[in-house]
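Chemist: Listed below, chain by chain, are the residues.
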Amino acid sequence: MDNEMTLSFLAVSENESLARMAVTSFVSQLDPTIDELSEFKTIVSEAVSNAIIHGYDEDGKGVVTVHAVREGDVISVAVKDEGKGIPDLKRAMEPLYTSKAEMERSGMGFTIMESFADHLQVESEPGVGTVVTFSKKFLSVKMPQIS
Amino acid sequence: MNYEINMHLDTIAVIRLYGELDHHATEKIRDQISRTILQGSLKTIIWNLEKLNFMDSSGIGLILGRMRELRAVNGQTIILNPSNTMKKIFQFSGLSSYMMEGKEQDAIMHARGIVNG
Numbered sequence: 021m022d023n024e025m026t027l028s029f030l031a032v033s034e035n036e037s038l039a040r041m042a043v044t045s046f047v048s049q050l051d052p053t054i055d056e057l058s059e060f061k062t063i064v065s066e067a068v069s070n071a072i073i074h075g076y077d078e079d080g081k082g083v084v085t086v087h088a089v090r091e092g093d094v095i096s097v098a099v100k101d102e103g104k105g106i107p108d109l110k111r112a113m114e115p116l117y118t119s120k121a122e123m124e125r126s127g128m129g130f131t132i133m134e135s136f137a138d139h140l141q142v143e144s145e146p147g148v149g150t151v152v153t154f155s156k157k158f159l160s161v162k163m164p165q166i167s
Numbered sequence: 228m229n230y231e232i233n234m235h236l237d238t239i240a241v242i243r244l245y246g247e248l249d250h251h252a253t254e255k256i257r258d259q260i261s262r263t264i265l266q267g268s269l270k271t272i273i274w275n276l277e278k279l280n281f282m283d284s285s286g287i288g289l290i291l292g293r294m295r296e297l298r299a300v301n302g303q304t305i306i307l308n309p310s311n312t313m314k315k316i317f318q319f320s321g322l323s324s325y326m327m328e329g330k331e332q333d334a335i336m337h338a339r340g341i342v343n344g
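Chains as they are written, first to last, in my numbering: chain A, 21 to 167; chain B, 228 to 344.
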């Protein structure tokens, strides 16, 4: 392991940008391209928003934890909540399915996460919480070393 | 997050979005945008995303919601100048055919059915 970080915050929506900012700084040492970085930020944003909105109903009390690890040019992230959990995970991961249509949630979160991550895993238990784990390899072009 | 709405001929609204559009930002601006566009005889919304630095699926919810409101008047939607990542998000969501690249003026002409040349 080359580096590691843990960030915990309350389930309020303004912390979605805090999480994006923290992971952006964390991956900056890999010199990501604009597209790599924005895809990575999108995955984090989707997972963190899910935890805040669905895990805790934005109660401002529950804690969301973002744990990131860098190994070489691969970043692995776990977004964890101890909220209400997802009763039907298979259904939740279907494109366009949302349990919060009245909030204009598009139901595209998991589809976007799966498409932008190299590997994605979701574990959830009703009443216990949800962990979204994903990894992404950064292929950013490195400047040749001048010796 | 910031936005600007400019009306053209009462029927076309150009909405310029600035900064980062996530769930938090969407909740803050939705009602205001919705109220503004429901006034008058609106037929078209042009979302100018050129200055938008970030968007997640909340942006899809915002745009789909306004498309639903426009459906009552047979209105149209144009998504102008999304970033590469946003393009992919719109593609996943089945909104590819609404995307357009170019100047705002071209999008307005397109909305009015005027073809250049």
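Among these hints, one or two may not hold up.
Claimed, not checked - In silico EDC-like links for lysine to aspartate or glutamate, alpha-carbon gap of 16 Å or less:
(1) 255/B - 56/A
(2) 315/B - 56/A
(3) 314/B - 93/A
(4) 315/B - 124/A
(5) 120/A - 254/B
(6) 110/A - 145/A
(7) 315/B - 55/A
(8) 104/A - 143/A
(9) 104/A - 134/A
(10) 315/B - 59/A
(11) 314/B - 145/A
(12) 314/B - 143/A
(13) 255/B - 78/A
(14) 255/B - 145/A
What the hints assert, rightly or not - Derived DEER-like restraints, expressed as beta-carbon distance ranges:
(15) 327/B - 138/A: 27 to 33 Å
(16) 91/A - 298/B: 44 to 50 Å
(17) 94/A - 298/B: 42 to 48 Å
(18) 265/B - 91/A: 50 to 56 Å
(19) 263/B - 91/A: 28 to 34 Å
(20) 114/A - 299/B: 38 to 44 Å
As the list claims (entries may be wrong) - Which bits of chain B does chain A cover? Going by a derived footprint, with three or more residues having C-beta under 8 Å, they are:
(21) 246–254
(22) 296–310
(23) 331–340
In short, the hints are calculated from the structure, not lab data.
These numbers were taken from a predicted model, which means no experiment stands behind them.
Note that the Cβ used here is the ideal one computed from N, Cα and C, for glycine as well.
Chemist: Please go over all the hints and tell whether each is borne out by the structure.
Modeler: Hints, one by one, checked against the model:
no., hint, verdict
1, 255/B - 56/A, "violated (28 Å)"
2, 315/B - 56/A, "holds (13 Å)"
3, 314/B - 93/A, "violated (25 Å)"
4, 315/B - 124/A, "violated (20 Å)"
5, 120/A - 254/B, "holds (13 Å)"
6, 110/A - 145/A, "holds (13 Å)"
7, 315/B - 55/A, "holds (11 Å)"
8, 104/A - 143/A, "holds (13 Å)"
9, 104/A - 134/A, "violated (22 Å)"
10, 315/B - 59/A, "holds (10 Å)"
11, 314/B - 145/A, "violated (34 Å)"
12, 314/B - 143/A, "violated (29 Å)"
13, 255/B - 78/A, "holds (14 Å)"
14, 255/B - 145/A, "violated (31 Å)"
15, 327/B - 138/A: 27 to 33 Å, "holds (31 Å)"
16, 91/A - 298/B: 44 to 50 Å, "holds (48 Å)"
17, 94/A - 298/B: 42 to 48 Å, "holds (44 Å)"
18, 265/B - 91/A: 50 to 56 Å, "holds (51 Å)"
19, 263/B - 91/A: 28 to 34 Å, "violated (48 Å)"
20, 114/A - 299/B: 38 to 44 Å, "violated (28 Å)"
21, 246–254, "holds (count 6)"
22, 296–310, "violated (count 1)"
23, 331–340, "violated (count 0)"
When each numbered hint is compared with the structure, violations occur for hints 1, 3, 4, 9, 11, 12, 14, 19, 20, 22 and 23.
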